Amino acid sequence: MTDKTHQAPPGPGFSTLSLHAGQRPDPTTGARATPIYQSASFVFPDAEFAAGLFNIERAGHVYSRLSNPTNAVLEERIAALDGAVGAIATASGQAAMHLAVTTICSAGDHIVASRSLYGGTHNLLEYTLPRFGIETTFVDPRDPAAFAAAVRDNTKLLFGEILGNPGLEVLNVPVVADVAHQAGLPLMVDATFSTPYLCRPIEFGADLVVHSATKFLSGHGVVIGGLLVDGGSFDWEASKRFPTLTEPYDGFHDLVFAEEFGPQAFITRARKEGLRDFGACMAPMTAFQILQGLETLPLRMSRHVANTREVVAFLQDHPAVASVSYPELDEHPDRALAAELLPLGVGAVFAFELKGAREAGRAFIESLELFSHLANVGDAKSLVIHPASTTHHRMDAAALKAAGIGEGLIRLSIGLEDASDLVADLSRGLRRVTKLLAAKS
Amino acid sequence: MRTTVAGSEVFIGTGSRAFDRALPGIVFLHGAGMDHTVWVMAARHFARKGFCVVAPDLPGHGRSGGQPLASVEAMADWLGELLAVLGVTEARVVGHSLGALIAYTFCAGQPELCRRLVLLGMSAPMPVAAAMLAAAQDDHPAAFEMANTWSHSQRGKLGGNETPGMWMFSTGQRLMERTLPGVFHADLVACNTFDPPAAETIGCPVMVIAGSADQMTPPARGRSVVADLEQAGCCVELVELPGSGHAMISECPNAVLDSLIRALT
Numbered sequence: 001m002t003d004k005t006h007q008a009p010p011g012p013g014f015s016t017l018s019l020h021a022g023q024r025p026d027p028t029t030g031a032r033a034t035p036i037y038q039s040a041s042f043v044f045p046d047a048e049f050a051a052g053l054f055n056i057e058r059a060g061h062v063y064s065r066l067s068n069p070t071n072a073v074l075e076e077r078i079a080a081l082d083g084a085v086g087a088i089a090t091a092s093g094q095a096a097m098h099l100a101v102t103t104i105c106s107a108g109d110h111i112v113a114s115r116s117l118y119g120g121t122h123n124l125l126e127y128t129l130p131r132f133g134i135e136t137t138f139v140d141p142r143d144p145a146a147f148a149a150a151v152r153d154n155t156k157l158l159f160g161e162i163l164g165n166p167g168l169e170v171l172n173v174p175v176v177a178d179v180a181h182q183a184g185l186p187l188m189v190d191a192t193f194s195t196p197y198l199c200r201p202i203e204f205g206a207d208l209v210v211h212s213a214t215k216f217l218s219g220h221g222v223v224i225g226g227l228l229v230d231g232g233s234f235d236w237e238a239s240k241r242f243p244t245l246t247e248p249y250d251g252f253h254d255l256v257f258a259e260e261f262g263p264q265a266f267i268t269r270a271r272k273e274g275l276r277d278f279g280a281c282m283a284p285m286t287a288f289q290i291l292q293g294l295e296t297l298p299l300r301m302s303r304h305v306a307n308t309r310e311v312v313a314f315l316q317d318h319p320a321v322a323s324v325s326y327p328e329l330d331e332h333p334d335r336a337l338a339a340e341l342l343p344l345g346v347g348a349v350f351a352f353e354l355k356g357a358r359e360a361g362r363a364f365i366e367s368l369e370l371f372s373h374l375a376n377v378g379d380a381k382s383l384v385i386h387p388a389s390t391t392h393h394r395m396d397a398a399a400l401k402a403a404g405i406g407e408g409l410i411r412l413s414i415g416l417e418d419a420s421d422l423v424a425d426l427s428r429g430l431r432r433v434t435k436l437l438a439a440k441s
Numbered sequence: 001m002r003t004t005v006a007g008s009e010v011f012i013g014t015g016s017r018a019f020d021r022a023l024p025g026i027v028f029l030h031g032a033g034m035d036h037t038v039w040v041m042a043a044r045h046f047a048r049k050g051f052c053v054v055a056p057d058l059p060g061h062g063r064s065g066g067q068p069l070a071s072v073e074a075m076a077d078w079l080g081e082l083l084a085v086l087g088v089t090e091a092r093v094v095g096h097s098l099g100a101l102i103a104y105t106f107c108a109g110q111p112e113l114c115r116r117l118v119l120l121g122m123s124a125p126m127p128v129a130a131a132m133l134a135a136a137q138d139d140h141p142a143a144f145e146m147a148n149t150w151s152h153s154q155r156g157k158l159g160g161n162e163t164p165g166m167w168m169f170s171t172g173q174r175l176m177e178r179t180l181p182g183v184f185h186a187d188l189v190a191c192n193t194f195d196p197p198a199a200e201t202i203g204c205p206v207m208v209i210a211g212s213a214d215q216m217t218p219p220a221r222g223r224s225v226v227a228d229l230e231q232a233g234c235c236v237e238l239v240e241l242p243g244s245g246h247a248m249i250s251e252c253p254n255a256v257l258d259s260l261i262r263a264l265t
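Chains as they are written, first to last, in our numbering: chain A, 1 to 441; chain B, 1 to 265.
One should not assume that every hint holds.
[To be verified] Pair ranges (Cβ atoms, derived): (1) A/A398 <-> B/S8: 52 to 62 Å; (2) B/M1 <-> A/A398: 12 to 22 Å; (3) B/A6 <-> A/P248: 42 to 52 Å; (4) A/L370 <-> B/P181: 56 to 66 Å; (5) B/P181 <-> A/E407: 52 to 62 Å.
Bear in mind the hints are in silico, worked out from the structure with no lab data behind them. Remember, predicted model here, so these are calculated numbers, not experimental data. Using N, Cα and C, we set each Cβ at its ideal position, and we do this for glycine too.
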């Protein structure tokens with residue numbers, strides 16, 4: 001191999017794809033923006049064309065639960081940004097996660113997942129899926145050997161968040177992907193916190209990606225949506241563990257997805273079965289609104305990261321703050337890994353521990369005026385929450401500790417305001433904490 | 001479906017229907033570094049319409065065993081052996097890019113078997129860029145990236161896929177990345193050294209489908225093939241797909257299928 005002598009021509013850049021991928025000016029009206037195709041169903045030109053659509057021999061749309069022209073632009077755009085073969089827009093990030101699991105897992109199957117997960121994902125894996133016969137073993141996201149050790153004969157999936165919630169453990173995607181592939185399994189990564197602007201997990205070996213598009217992808221906090229993304233690189237046939245993709249499917253005239261669709265096998269089955277039968281589709285208006293956000297994703301993420309760095313620097317030096325967990329800091333155990341996987345920045349969600357624990361946390365949050373106290377991240381506006389009493393309230397003290405969540409932990413999602421105003425607001429809260437600490441001492 | 005040719009296993013896509021040699025046959029031949037999955041939509045259509053679909057993975061490609069063959073002539077001979085093994089005695093032959101060269105050569109050599117010929121992304125000869133050949137010789141990923149980039153029109157590089165939710169650019173890339181070392185280079189060498197049989201040897205009606213924005217086999221090459229066939233007295237039709245690149249099966253799946261239906265039924 002002689003790397004220096006071979007160079008492929010460049011394709012469109014990330015910003016160009018953010019604006020254009022998947023969409024052409026509307027051929028009928030000339031509309032430059034993606035139209036909202038607010039239609040439940042689509043007219044067939046003739047009976048033969050209709051038969052072709054139903055038999056997957058024609059490209060087009062039948063019914064908006066299965067596909068919709070507005071959603072298709074969003075799906076294609078996120079696939080382009082993630083370097084994937086295809087994607088499916090879903091009603092929420094949770095729906096994307098559920099669609100992924102149910103496309104390859106059946107009753108009796110097993111998942112190995114990071115134990116540092118969004119509370120909603122934890123609920124699905126820990127409490128709900130076991131009712132349907134799908135069990136999950138949770139492991140330390142920083143311990144790839146633990147992923148390997150937890151794999152069983154019936155395991156179908158390894159899963160983790162690129163940035164753990166809320167501790168920001170950086171998932172070592174190349175190493176965990178290698179663990180997965182050696183076991184004949186795919187690795188799925190939740191990349192909600194990073195977006196493809198900061199990290200493209202498929203390029204590091206991940207096979208599937210899920211996003212909550214409610215967060216940074218849309219950036220405006222006005223919609224709920226999810227995206228399931230298929231990298232197209234996993235060899236389902238070689239693994240011999242995935243009958244839903246490699247054996248005839250009664251529900252589609254004995255179609256064998258891996259044989260007929262090759263790299264698109266997973267995402268095609270997910271659409272033709274999971275979206276069809278579970279029905280957690282995205283509304284076209286939602287897809288349109290997420291597309292408006294995606295157009296400015298590179299600009300917004302740069303600003304999110306820049307603001308976050310200023311806020312982190314401020315908090316790190318404040319006497320009322322016990323610790324700050326942000327993977328760009330020298331003391332963070334994943335600093336080197338973060339620099340490798342997320343060179344443009346490690347996002348805008350991070351946590352810090354106040355001195356004074358639970359009481360201080362409550363006083364701090366109630367003193368803030370610019371930060372909004374709510375259960376979301378990735379808004380253009382800055383947000384704050386106390387995980388132990390909200391997103392992770394179902395976890396007992398031991399589980400919280402195992403997930404790296406202290407009782408006084410505060411999670412921030414840094415928005416696009418002027419950084420100086422954010423620092424001023426946080427200063428207000430920290431003054432209250434300082435007074436509280438002084439009164440107690 | 002699987003069978004054996006010259007001691008090696010061959011995978012054949014049949015459009016998800018049982019193989020039945022009594023039905024009129026259609027052969028679909030994929031291009032360099034590809035496999036039968038590029039034909040999924042056309043294969044499913046013609047299988048549903050009562051044809052015996054034979055969409056093989058060439059030796060060393062996709063799910064087929066064996067080593068890649070060194071020349072278009074060898075590939076055409078292999079196709080003849082495959083059809084003999086299958087008991088297919090007449091067929092419509094469709095090929096894309098390298099597959100078009102194989103289809104053309106097969107029909108020239110065995111005109112008695114061929115009822116129709118459809119050539120997509122055709123050029124005769126089919127010179128290959130030296131940079132891509134060199135990268136492929138080193139099994140360097142840049143070879144796939146060159147082929148993929150040059151195979152899509154400028155419009156196609158930004159998507160707008162007719163198939164909902166699919167990003168065709170990465171799909172082409174992933175398909176080529178699945179090839180074993182040496183396979184893509186062998187395919188490109190076969191294209192580069194292709195010596196077209198005389199047009200007079202083609203005895204069946206022909207359709208040439210060209211993409212107006214094809215950088216790999218520019219439409220002028222397709223027109224030249226048509227002119228040669230017309231001069232030889234062939235019944236030939238040219239279909240030019242506006243704005244399409246070389247990856248016309250994914251860029252214009254419905255227009256390609258419409259053209260195939262017109263050519264083959």
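Look at the Cβ atoms of B/P181 and A/E407 and judge whether their distance stays inside 52 to 62 Å. At roughly 56 Å between Cβ atoms, A/E407 and B/P181 fall inside 52 to 62 Å, so the hint holds.
Could you check the hint for me, namely that B/A6 and A/P248 are 42 to 52 Å apart, CB to CB? Because 29 Å falls outside the window, the suggested range is violated.
How does the Cβ-Cβ distance of A/L370 and B/P181 compare with 56 to 66 Å: does it lie in that range? Holds - the Cβ-Cβ distance for A/L370 and B/P181, about 58 Å, lies within 56 to 66 Å.
Is it true that A/A398 and B/S8 lie within 52 to 62 Å of each other by Cβ? Holds, since A/A398 and B/S8 (Cβ atoms, about 58 Å apart) stay within the stated range.
Distance restraint evaluation - B/M1, A/A398, Cβ atoms, bounds 12 to 22 Å: 56 Å, violated
Violated hints, listed in ascending order, are 2 and 3; each of the other numbered hints is respected by the structure.
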